[in-house]
Amino acid sequence: MSIDATKKALFNFAIKHADDRLILGHRLAEWCSTAPILEEDIAMSNIALDLLGQSVLFLKYAAELENSNRTEDDLAYLRTEKEFRNALLCEQNTDDFAYAIARQFFFDVYDYYLMEALAKSTDEQIRGIAEKSVKEAKYHLRHSSEWMLRLGDGTEESHKRIAEAVEFLWMYTGELFETDGDDDLLKSEGIIPDLSGLKAKWYESVSQLLAKATLDVPSIYLFMQSGGRKGYHTENMGHILSDMQYLRRLYPDAKW
Amino acid sequence: MSNDTQWKLWEVFVQLKTGKPHEHVGNVHAPDAELAIQNARDVYARRDKPVSIWVTPSELITATTPQDNEAFFDSIDDKVYRHPQFYKIPKGVNVDVH
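Same order as they appear, the protein sequences are chains A and B. Using the working numbering, read the first sequence as starting at 1 and increasing by one per residue. Using the working numbering, read the second sequence as starting at 1001 and increasing by one per residue.
Sample of chain A residues lacking proximity to chain B, with all beta carbon distances greater than 10 Å (derived):
id : residue
1  : D73
2  : T80
3  : F97
4  : S121
5  : V134
6  : H159
7  : L195
8  : L198
9  : Y203
10 : L209
11 : H239
List time: in silico PhoX-like cross-link candidates among lysine-lysine, alpha-carbon distance up to 25 Å:
id : chain 1 : residue 1 : chain 2 : residue 2
12 : A       : K187      : A       : K201
13 : B       : K1049     : A       : K138
14 : B       : K1049     : A       : K135
15 : B       : K1017     : A       : K135
Some chain B residues near chain A, calculated using beta-carbon distances under 10 Å:
id : residue
16 : Q1006
17 : H1029
18 : A1030
19 : D1032
20 : L1035
21 : A1036
22 : Q1038
23 : N1039
24 : D1042
By construction, these hints were calculated from the structure, which means they are not laboratory data. From a predicted model like this one, the values you see are computed outputs, not experimental measurements. Positions of the beta carbon are idealized from the N, C-alpha and C atoms, including for glycine.
Could you build the full structure based on these sequences and the hints that come with them?
See below:
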């Protein structure tokens, strides 16, 4: 394979993992000032900022690989909906705290195993980002796991809500483990490790915790939504982008 | 406190370096010890990097009351000889000030 093809694959790889973190970080930041209690408000904002920070690292690397005068800000604020490659799970709306926790928990387990694997990448940048992120992911997972347990094994009301959230969001989890031609190319060139084992690890961890939280474990074979990785998003995405990008688009040259 | 609908209160102590004391930094609300530790981490360890955090339910702390102050503390003020500055250094003693 030519260097250009490898670079292109690495660019796409960086973009999809950046977008997961940018969009989920944005979604989580929506809880700032509306979380159930001050301490949780700070915790959610902290995690949102961690995800945003990881996203910046991936986007910077993508901009460097592309080498065409686009900065990480251009990639975040000036791409259109179809150019975003985040998994659909990350963009799901959560007006209910239980949904925010379930969404976060599903992502955190995935994020932890993904970053653990990518910390063995032979690409210096990817490895560096993963080594930093895996520590953050470990904390995020601890936070969301503890909440899953307390909501699942809490009151009748909390159990009902978290069970609904798990059931609704489950169909968006399968997409996290889809691999594409870029992953295959990077794997064949020895740049990233084989990621096909992630799904089994994820399912095992998630099942264990759901059981401990007295929640039903859905089947891994249920129908799964897909499309985000190809740029086909749910109706949530336009609203997120208009919120996120509007200032930059209205004042393109603003500096702060 | 009966109309306080928040979770119970925990006092937070942070140690910034091994060997240094855990210092009281404030408090957090949390339903149990594990979440108290997590909340303490998020609220009080965002900028400095601690090596250890302690939390304890605030209700387990026994404190002096303002009414105790006279008996407990006022008499400390008039014992100047408890301070090293009270003692004059004899001539000829070489004092290294560090």
